[in-house]
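*Asks:* Take a look at the letters that make up each chain.
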Amino acid sequence: MRYFLLALMLATVAAVGVAGFRGTLSRKPPIEVFPDMDRQAKLRPQVPNAFFPDGRSSQLPPSGTVARSRKMVAGNESVYPFEEGPLTTGRITGTTNFIELNPFPVNVSFIARGQDRYQITCSPCHGAQGDGKGSISKYGFATIANLHDKRISTQPDGELFNTVGHGKNTMSGYASNVSIDDRWAIVAYLRALQLSRVAVIEDVPADKRALLKK
Amino acid sequence: MSDIFPKWTNKLPLQIAVGALLMGTAVSAGCWYYLTPKYTRVGYQPIQPVGFSHATHADQLGIDCRYCHNGVEKSWYSNVPAAATCLNCHNAVLSTDPRLELVRESGRTGKPIPWVQVHKTPDYVYFNHSVHVARGVSCVHCHGQVNKMDEVQHAKPLSMAFCLECHREPEKFIRHPKEVYNMDWAVAPEVQANAGERFVREWKIEASQNCSACHR
Chain A
1 MRYFLLALML ATVAAVGVAG FRGTLSRKPP IEVFPDMDRQ AKLRPQVPNA
51 FFPDGRSSQL PPSGTVARSR KMVAGNESVY PFEEGPLTTG RITGTTNFIE
101 LNPFPVNVSF IARGQDRYQI TCSPCHGAQG DGKGSISKYG FATIANLHDK
151 RISTQPDGEL FNTVGHGKNT MSGYASNVSI DDRWAIVAYL RALQLSRVAV
201 IEDVPADKRA LLKK
Chain B
215 MSDIFPKWTN KLPLQIAVGA LLMGTAVSAG CWYYLTPKYT RVGYQPIQPV
265 GFSHATHADQ LGIDCRYCHN GVEKSWYSNV PAAATCLNCH NAVLSTDPRL
315 ELVRESGRTG KPIPWVQVHK TPDYVYFNHS VHVARGVSCV HCHGQVNKMD
365 EVQHAKPLSM AFCLECHREP EKFIRHPKEV YNMDWAVAPE VQANAGERFV
415 REWKIEASQN CSACHR
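Respectively, the protein sequence lines represent chains A and B.
Everything in the first sequence is counted per the working numbering, starting at 1 for the first residue and increasing by one.
Everything in the second sequence is counted per the working numbering, starting at 215 for the first residue and increasing by one.
Be aware that a few hints might be false.
[Said to hold, decoys possible] In silico DSS-like links for lysine-lysine, alpha-carbon gap of 25 Å or less: (1) A:K133 x A:K168; (2) B:K334 x B:K288; (3) A:K133 x B:K392; (4) B:K370 x A:K28; (5) B:K334 x B:K252; (6) A:K42 x B:K325; (7) A:K168 x A:K150; (8) A:K42 x B:K334; (9) B:K370 x B:K288; (10) B:K288 x A:K42; (11) B:K392 x B:K370; (12) B:K392 x B:K418; (13) B:K386 x B:K252; (14) B:K362 x B:K392; (15) A:K168 x A:K138; (16) B:K386 x B:K418; (17) B:K362 x B:K334; (18) A:K71 x B:K325; (19) A:K28 x B:K362; (20) A:K138 x B:K362; (21) B:K362 x B:K252; (22) A:K133 x B:K362; (23) B:K225 x B:K252; (24) B:K288 x B:K392; (25) B:K288 x B:K418; (26) A:K28 x B:K334; (27) B:K370 x B:K252; (28) A:K133 x A:K150; (29) A:K138 x A:K150; (30) A:K28 x B:K252; (31) A:K28 x A:K42; (32) B:K370 x B:K386; (33) B:K386 x B:K362.
Hints are computed from structural coordinates only; laboratory data are not their basis.
The following block holds chain B by itself, in its conformation from the complex (with noise of 0.2 Å):
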């Protein structure tokens, strides 16, 4: 048999295993690591067509997000604001700065100034905002800290797995209605764990976990 095949090959069976077994590590270790939202979403941070700062707005300026974002208590969906929203301001201040010409063309015009869309679930995904933040969910949990800012990233994965973090343990995430909009607040996890569980049980929050929930 020797002929046939030589010394070596009587390595290769074994060779072969420890190799496909490394390979196969390799790859799903680069899928989980690479094909999940968390590498494919997380950081997506588009050059936008008028270069409008949070931080300046929200943080600086303390303006609160409702300001702009007028639609997320009442609707599932929370708007960009018209160019008249920023024109009640713009009309007066930085009134003749290039930066804003776009704004002001649009406000004249009323053509929409071309924002480009961050945050994008999939079609298939029922999302509603004004369930959560009447509930108690702050924007920072699923946008990060928008107010500090520059332009706009997308800073969460906001994959299902992320979605039913919460929707499984809502007690550890939820806070006061009156500190939704306030990006900064901080709490001790124990204040926490106690104000999360009064609030579930006075409030009689069921965050489903029924595929119908979000898939309907």
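Extracted from the complex, chain A is given alone in its bound form (with noise of 0.2 Å):
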């Protein structure tokens, strides 16, 4: 018994300084305990696939074909996501001249998404404020325009919603990662942005003016 019970002892100690403890980092990847049915011959998006030339599962849309899509509408103004339009271009159709106003009704739940979707996607850069001084300015990327330059300030929406979803110069585009109302909600915002910088007090209705004094 003696023996049985070092022996079970000695087992034990081995098995849990072979194995350790919970949580310990491993760079081996987990052991499927039953791997009965954990991976199936079916696709998950960005893994690579052999089945495919490219070794991709996600495939890139074949050149020519647009994604199914609904129309989008916009006040009195409705286009397809890949046709091309005021809404879509920025462009009034047909000329290279940007159109002055949004084609969306501007309200507050509009102007909020836009600050929603500015914070995350354009404050790393330019701060959250739009004065240029986001926190990727400090390391190095010295060209961020501050926002509220009279020369961008005064640029009809049309060419904000252009330098969004293209880029200009050093600014790369976010047309791949921001939808078009988003786009749009985000001009918006940069508006209303820009406009609280050079805003009087006589601009705030009456029976607001209170809450503004702390």
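Work from the hints to combine the two standalone chains into their complex.
*Replies:* Next comes the structure, spelled out in structure tokens:
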């Protein structure tokens, strides 16, 4: 019995010694204990797949195709996201001139959406205030624009929309990350942000002025 | 009889019983401890092809999770960003750094960066990110404090027991959707109890425990 207990103890110590404790860091992939149907012959996004020549499971759309989509409606305009129109390009159809005003009806919830998206996508560089002093500007990204510049605050809405989607000089475009309606929402918020810098007390409705005093 | 079985064998049945009991306990304890996802998965930290650090980007630079994982609100799947997303900044920041060579190459050629997937549910499980983040389940609950990790590690077991713990009582864990992306958010338990119950009531949350919700 004594030998048995000793052996059991040694075996336990050896097992713990080899296998360690829960939560220890490991470079090796997890063991699947009963791997019955854990990994099936199906595609998951963003994993390699030998079936396709380029080895990806998420295929890029073939050229000349468009994604299935619904018409976007803004005010009294409606276009498909793949069509060219003021809503999707920010330009007056058939010209290279930018449209002056946001085609979406601007209301509080639209601006709030824009604020949310602005803080996610733009504030790392342009800063929450839009002054170009986001956290990245401290790490050697010197060219970030101050969005309160006269040159930018006098641009038409369409031009801002175009900058968000397709970038400008050293800023890259966000067309693949931010959807079209969110881009217009960001433009609406940007307008509010710019106005806030040049606003005077007379812009505030008389009954709301008391709220501003601390 | 004593000629055939010596005296010490009298104690043998008892010894066998005790021994078997001890063995059984040790083996079950071992299985419980070692064969569940709490051991097999937690702590998995593969070597990534690029030394990308969430601590630098999400914590120090304060970039929102959705700047990179921008599909997480809209789809079941939380995407790992394309090289173009990194290059938005890294065209200007560390633009010649050798640590980022693979990112630049991927940006030039379109060849994906071979990131090693850390969290992987079995294929028979249906999971959806967008329902959870829209209903106030934070990333931190299922992935741990990613914003403090230099290399991502598997912090939570993500076993069926883990999912059900919350599906039974979501009010204990959900928060306002504004705070979902705030990894450092903390709340007093009594506030959580009130707020959680209110969310469940007002949003009519029914976190399903039907087998077919997750195994469809």
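*Asks:* Give a verdict on every hint.
*Replies:* A quick look at each hint next to the structure:
1. A:K133 x A:K168: Satisfied, since the Cα-Cα distance of roughly 18 Å is no more than 25 Å.
2. B:K334 x B:K288: Between K334 (chain B) and K288 (chain B) the Cα gap is close to 19 Å, so the pair holds against 25 Å.
3. A:K133 x B:K392: holds, 24 Å
4. B:K370 x A:K28: Holds: K370 (chain B) and K28 (chain A) sit about 17 Å apart, inside 25 Å.
5. B:K334 x B:K252: holds, 14 Å
6. A:K42 x B:K325: Given pair K42 (chain A), K325 (chain B) holds - Cα atoms ~22 Å apart, limit 25 Å.
7. A:K168 x A:K150: holds, 17 Å
8. A:K42 x B:K334: holds, 14 Å
9. B:K370 x B:K288: Distance of about 23 Å is within 25 Å: holds.
10. B:K288 x A:K42: OK: K288 (chain B) and K42 (chain A) at ~22 Å, within 25 Å.
11. B:K392 x B:K370: holds, 23 Å
12. B:K392 x B:K418: Given that 25 Å is the threshold and the Cα spacing comes to 18 Å, the pair holds.
13. B:K386 x B:K252: Cα-Cα ~21 Å, so holds.
14. B:K362 x B:K392: holds, 20 Å
15. A:K168 x A:K138: Judged against 25 Å, a Cα distance of about 21 Å means the pair holds.
16. B:K386 x B:K418: Answer holds: K386 (chain B) to K418 (chain B) is near 15 Å, not above 25 Å.
17. B:K362 x B:K334: The hint holds at about 21 Å.
18. A:K71 x B:K325: violated, 33 Å
19. A:K28 x B:K362: holds, 22 Å
20. A:K138 x B:K362: Cα-Cα ~21 Å, so holds.
21. B:K362 x B:K252: Since the Cα atoms of K362 (chain B) and K252 (chain B) sit roughly 21 Å apart, the hinted pair holds (cutoff 25 Å).
22. A:K133 x B:K362: Roughly 24 Å separates the two Cα atoms, so the pair holds.
23. B:K225 x B:K252: Violated, at about 40 Å.
24. B:K288 x B:K392: holds, 16 Å
25. B:K288 x B:K418: holds, 20 Å
26. A:K28 x B:K334: holds, 14 Å
27. B:K370 x B:K252: Holds. K370 (chain B) to K252 (chain B) sits at ~7 Å (cutoff 25 Å).
28. A:K133 x A:K150: holds, 17 Å
29. A:K138 x A:K150: holds, 24 Å
30. A:K28 x B:K252: holds, 15 Å
31. A:K28 x A:K42: OK: K28 (chain A) and K42 (chain A) at ~24 Å, within 25 Å.
32. B:K370 x B:K386: The given pair, whose Cα atoms are some 17 Å apart, holds under the 25 Å limit.
33. B:K386 x B:K362: holds, 24 Å
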